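A.B. asks: One line per chain: the protein sequences are A and B, in this order.
The first sequence: position 256 = 323 (the working numbering), numbered continuously.
The second sequence: position 214 = 367 (the working numbering), numbered continuously.
You may find that some hints are simply not true.
Stretch by stretch, here's where chain A covers chain B in the computed footprint (C-beta under 8 Å, at least three residues) [said to hold, decoys possible]:
#	region
1	177-189
2	201-209
3	442-452
The calculated EDC-like cross-link candidates involving lysine to aspartate or glutamate, where the alpha carbons are at most 20 Å apart (straight line), are [unchecked claim]:
#	chain 1	residue 1	chain 2	residue 2
4	A	Lys262	A	Asp312
5	A	Lys422	A	Glu381
6	B	Lys460	A	Asp138
7	A	Lys262	A	Asp244
8	B	Lys403	B	Glu571
9	A	Lys175	B	Glu368
What the hints contain is simulated information worked out from the structure, not anything from laboratory work.
Quick caveat: nothing in here was measured; it's all calculated off a predicted structure.
For every residue, glycine included, the Cβ atom is placed at its ideal position computed from N, Cα and C.
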Amino acid sequence: MSAAGPSIPTNSPGAPTLALLILVAIITGSLWGLDLFLARTDREAVQNQANGLYTQGVLLLKQGQPLQAVDRLRRANSLVRDNRAFQLDYVAALVAARKFDEADASIKVVLETEPNNGPANLLSARLMLQEGHLQDAESHYHRAIYGAWPDTPPNQAPAHRLAVRLELVDLLAARADKAELLAELLALESDAQGKTATLKQIADLYRVAGSPARGANVYRELIQSNPDDIDAYAGLGGDEMALGDYRSALTAFLNANRRSPGNRMIQRDIGLLNAMAILDPTPRRISSNEKFARSNEILKLTRDALQACSTTDEAKRLVEDCDKVLAKKAPPHVTNELAEARLALAEQLWQARIKTCGPSTSEPEHALRLIMTKLAHS
Amino acid sequence: MEVSSPRSAIRRWTEQLKNREDQLTVVLSLMIGVLVGLTVVAFILLTGRLAAQMYPAGGAAWRRVVIPVIGALISGFLLFRYFPDARGSGIPQTKFAIYINDGYISLKTVLGKFLCCSTSLASGIALGREGPSVQIGAGIASVLGRRFGLSKEGVKALVPVGCSAALAAAFNTPIAAVLFSLEEILGNLHAPVLGTVVISSATSWIVLHLLLGDEPLFHVPAYRLVHPMEFGIYAVLGVVGGLGSVCFVKLLLKLRTLFMRLPKSTQWIQPVAGGLLVGLLGWFMPEVLGVGYDYVEQVLGGDFPLKTVALLAALKIVATATCYSSGNAGGIFGPALFIGAMLGGAVGSVAHWMFPHQTAGPGAYALIGMGTAFAGIVRTPLTSVIMIFELTRDYSIIVPLMLSNLISFFISYRLQREPIYEALALQEGVYLPTGESRRELEEIRVGDVMESTAAPFPADMDVTTARARLQEMGRNVGLVGELNWLSGIVNAQQLDEVANPSETKLSQVVNHDGSFPYVHPDHPLSLALERMGAAAADALPVVSRANRRRVQGVITMADILVAYGVKQQEAAKKPT
Numbered sequence: 068m069s070a071a072g073p074s075i076p077t078n079s080p081g082a083p084t085l086a087l088l089i090l091v092a093i094i095t096g097s098l099w100g101l102d103l104f105l106a107r108t109d110r111e112a113v114q115n116q117a118n119g120l121y122t123q124g125v126l127l128l129k130q131g132q133p134l135q136a137v138d139r140l141r142r143a144n145s146l147v148r149d150n151r152a153f154q155l156d157y158v159a160a161l162v163a164a165r166k167f168d169e170a171d172a173s174i175k176v177v178l179e180t181e182p183n184n185g186p187a188n189l190l191s192a193r194l195m196l197q198e199g200h201l202q203d204a205e206s207h208y209h210r211a212i213y214g215a216w217p218d219t220p221p222n223q224a225p226a227h228r229l230a231v232r233l234e235l236v237d238l239l240a241a242r243a244d245k246a247e248l249l250a251e252l253l254a255l256e257s258d259a260q261g262k263t264a265t266l267k268q269i270a271d272l273y274r275v276a277g278s279p280a281r282g283a284n285v286y287r288e289l290i291q292s293n294p295d296d297i298d299a300y301a302g303l304g305g306d307e308m309a310l311g312d313y314r315s316a317l318t319a320f321l322n323a324n325r326r327s328p329g330n331r332m333i334q335r336d337i338g339l340l341n342a343m344a345i346l347d348p349t350p351r352r353i354s355s356n357e358k359f360a361r362s363n364e365i366l367k368l369t370r371d372a373l374q375a376c377s378t379t380d381e382a383k384r385l386v387e388d389c390d391k392v393l394a395k396k397a398p399p400h401v402t403n404e405l406a407e408a409r410l411a412l413a414e415q416l417w418q419a420r421i422k423t424c425g426p427s428t429s430e431p432e433h434a435l436r437l438i439m440t441k442l443a444h445s
Numbered sequence: 154m155e156v157s158s159p160r161s162a163i164r165r166w167t168e169q170l171k172n173r174e175d176q177l178t179v180v181l182s183l184m185i186g187v188l189v190g191l192t193v194v195a196f197i198l199l200t201g202r203l204a205a206q207m208y209p210a211g212g213a214a215w216r217r218v219v220i221p222v223i224g225a226l227i228s229g230f231l232l233f234r235y236f237p238d239a240r241g242s243g244i245p246q247t248k249f250a251i252y253i254n255d256g257y258i259s260l261k262t263v264l265g266k267f268l269c270c271s272t273s274l275a276s277g278i279a280l281g282r283e284g285p286s287v288q289i290g291a292g293i294a295s296v297l298g299r300r301f302g303l304s305k306e307g308v309k310a311l312v313p314v315g316c317s318a319a320l321a322a323a324f325n326t327p328i329a330a331v332l333f334s335l336e337e338i339l340g341n342l343h344a345p346v347l348g349t350v351v352i353s354s355a356t357s358w359i360v361l362h363l364l365l366g367d368e369p370l371f372h373v374p375a376y377r378l379v380h381p382m383e384f385g386i387y388a389v390l391g392v393v394g395g396l397g398s399v400c401f402v403k404l405l406l407k408l409r410t411l412f413m414r415l416p417k418s419t420q421w422i423q424p425v426a427g428g429l430l431v432g433l434l435g436w437f438m439p440e441v442l443g444v445g446y447d448y449v450e451q452v453l454g455g456d457f458p459l460k461t462v463a464l465l466a467a468l469k470i471v472a473t474a475t476c477y478s479s480g481n482a483g484g485i486f487g488p489a490l491f492i493g494a495m496l497g498g499a500v501g502s503v504a505h506w507m508f509p510h511q512t513a514g515p516g517a518y519a520l521i522g523m524g525t526a527f528a529g530i531v532r533t534p535l536t537s538v539i540m541i542f543e544l545t546r547d548y549s550i551i552v553p554l555m556l557s558n559l560i561s562f563f564i565s566y567r568l569q570r571e572p573i574y575e576a577l578a579l580q581e582g583v584y585l586p587t588g589e590s591r592r593e594l595e596e597i598r599v600g601d602v603m604e605s606t607a608a609p610f611p612a613d614m615d616v617t618t619a620r621a622r623l624q625e626m627g628r629n630v631g632l633v634g635e636l637n638w639l640s641g642i643v644n645a646q647q648l649d650e651v652a653n654p655s656e657t658k659l660s661q662v663v664n665h666d667g668s669f670p671y672v673h674p675d676h677p678l679s680l681a682l683e684r685m686g687a688a689a690a691d692a693l694p695v696v697s698r699a700n701r702r703r704v705q706g707v708i709t710m711a712d713i714l715v716a717y718g719v720k721q722q723e724a725a726k727k728p729t
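Next comes chain A alone, as it looks inside the complex (with noise of 0.2 Å):
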């Protein structure tokens, strides 16, 4: 490096400027040319390698090596950056390696500029609900379900909406957030019609928002159009099971049993409604004895269910209480007034077992309790 440099030429202000300007244009155009040539080519092997990449990238995601998929899609991501499929699936794959500080701040940077944004609002609501925001996390649902599906063909939008609303009342479920699920099924429903895997999806969930009866009439219009559709009649059968129709989920049960006569699950049901048709003491049409032959097993069994789990005194109390009633030799007439008092007992057992035992979950007992729930209704 020469500090002092070349000997310096004196300016020459007779230049011939219009050609100089001439010439200044020429390499002005040139260059233009040049960078033009030179922009398209970089871009298109920029944009090139980034697919390349972001293909990767996807890949590695669905095969869950989601670290993998982040060093991909971050790249393709710093190469081509306004690429909107890009900046959310590398949000998806931070979210599934659990970077939920880098994929909060990259899908902000998304909604700051497309807040209306279908897929990123959905996104966004998967991270809310990883980070446990569960409010934030339902109100970008609600945003994905009313927003705007761009790079998604028209006809394909109702579809991811639908799928974001089933989402949405998967949570809404898990919370057992009834009143707001019973508000997103009704909304699901309108939308479901004609889907038959959704709508018995629909039909299940109104179970768990509380509403049986809704899911019944759902499962009806399935079997109505469908008179072979064994889930349905297997959901109704639930469904009645749900509202204490035994008579009626019995015979949703032997339907579906009929059209699937290998179906263990709906045997199990069977043999569950049959042990409960010999249990019930509520329907009208048995007589007096028969109906204090029923109050007194299920006295039995509910003092076997408190015995078999608590020793407390006031158990052994009501056990003992028990057992001097059942020991009592019946009179020849019996009257309903008898059984009712049987029941009355039962029913002090059977709180008592919950209030020391907790909530009954044998499979044997499900009878019995199920039973026991009608009668508390009753």
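Given the structure of chain A, go ahead and fit chain B onto it with the hints provided.
C.D. replies: Then chain B, alone, in the frame of chain A:
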């Protein structure tokens, strides 16, 4: 009516412009903005494409060793044989052009810089593209200025115009480009070329946007201050950035001294040392190669292991210092940002590990780290703040950035007095004016050296007495009037020309319209000197800013010479 052809109209217009250099300079600034913008964009794209060809995705590791060596060999030979003025970063060379060569940079140097830097940067030499862009821009401005027949002063004034256009296009930072040209290249934020510098920067930026669109150099997540205690961590980052900067500058200068001691005949092969080192480092850590902006962006995104960034900071310091000092063509702006980002990332990682809930992610610290290294190495604190802001367009980082930059700048200044470009020039035997030395001179004010016991001659004093008093004082100028009302000044020549001096009063000689030369106490001494020269006076009244007729003192040539250390105090007091 005569209808002139477009050709003759243009000729007339250009002839008019030639006679009005100011207007021509403005037109040239626009032209320079366009041409430099286009050239720098071509330079960046070409270098990037070449680099992509040299290092295809998934390429073999041996390429990383061989290609930098070959690149250094080719550019070393070209620099030695054909383009000796294109060596190095480009910033000191541009300053040489301004301060030594009347703004002269040859077209050959511009072409050589373009060619050699494209070769060395594409081959993975760990240097930056912005410094060379500045010299290319300055060179284009210089060539155009000369071809359009500007005076030497005019050409000189165009050099920073080319610099700002180049930097605006290279970094996509139009404001920082203007500031850099003023702060570093000219060393004066109030330089009179401000207008043309802004025009060229804006024009070049527009060209860049038309060609490549509106994208900042780095995309970073929106960081924010999480907790006030973060200011403390940013201060620590300033210290680390400052120390890192000093290490880099000292190592670079030391290595350069060693290389300069080698025989001149080995100059063509010296760059290979840099190429080989960076190649060997790149074998293990490919991130060391080239400018490394891709990796900087990753670090800014907050995704990196602590060990990697700490190691990369150290390796990049060594690689860049060796590449530069061995004579490769390329700048240190890019590497400064890289080093800063790695240092910041390392500090941020430790801080985030220790205080996860009180600190932002490590990416935020990497962002601030870039500014601290830039401020510490290049020593342009104002430019560095604005540059990082423009690079990232993240306003929330401004306050921490200012804090860390200031600390880094201070530490760098304390431990390495000579700024890097001045130190590099000094190794060449050139004494460039530093901003500090300029400031020191500007810091001496009239009020610091004036005599506050000014005693104006009464207006009714006769000319003979006044002449004798002037002779006693050893001056050729005297103040007339009172301390609170200065009538004017008289000089010895005026008094000598009076026909009847003993009968004539000073009030008859002095000009009462108030058009006398004067200075204010806060004026720099240089202005006092200028005004003394213009008035051919060896003393001037120092007057109040609130009332120009109220005398606060008098400043004499002897006082100024003493202040500049040219004359002894005692001698100054003696009448001349």
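A.B. asks: Taking the hints in turn, state whether each one holds.
C.D. replies: Cross-check of the supplied hints:
1. 177-189: holds (count 3)
2. 201-209: Since three or more residues must qualify, the claim that chain A covers the region 201-209 of chain B holds, with 3 doing so at under 8 Å.
3. 442-452: holds (count 3)
4. Lys262(A) with Asp312(A): violated (28 Å)
5. Lys422(A) with Glu381(A): Cα-Cα ~11 Å, so holds.
6. Lys460(B) with Asp138(A): Holds, at about 18 Å.
7. Lys262(A) with Asp244(A): Given pair Lys262(A), Asp244(A) is violated - Cα atoms ~25 Å apart, limit 20 Å.
8. Lys403(B) with Glu571(B): holds (10 Å)
9. Lys175(A) with Glu368(B): Roughly 18 Å between the alpha carbons, so the hint for Lys175(A) and Glu368(B) holds.
The earlier numbered hints that this structure contradicts are 4, 7.
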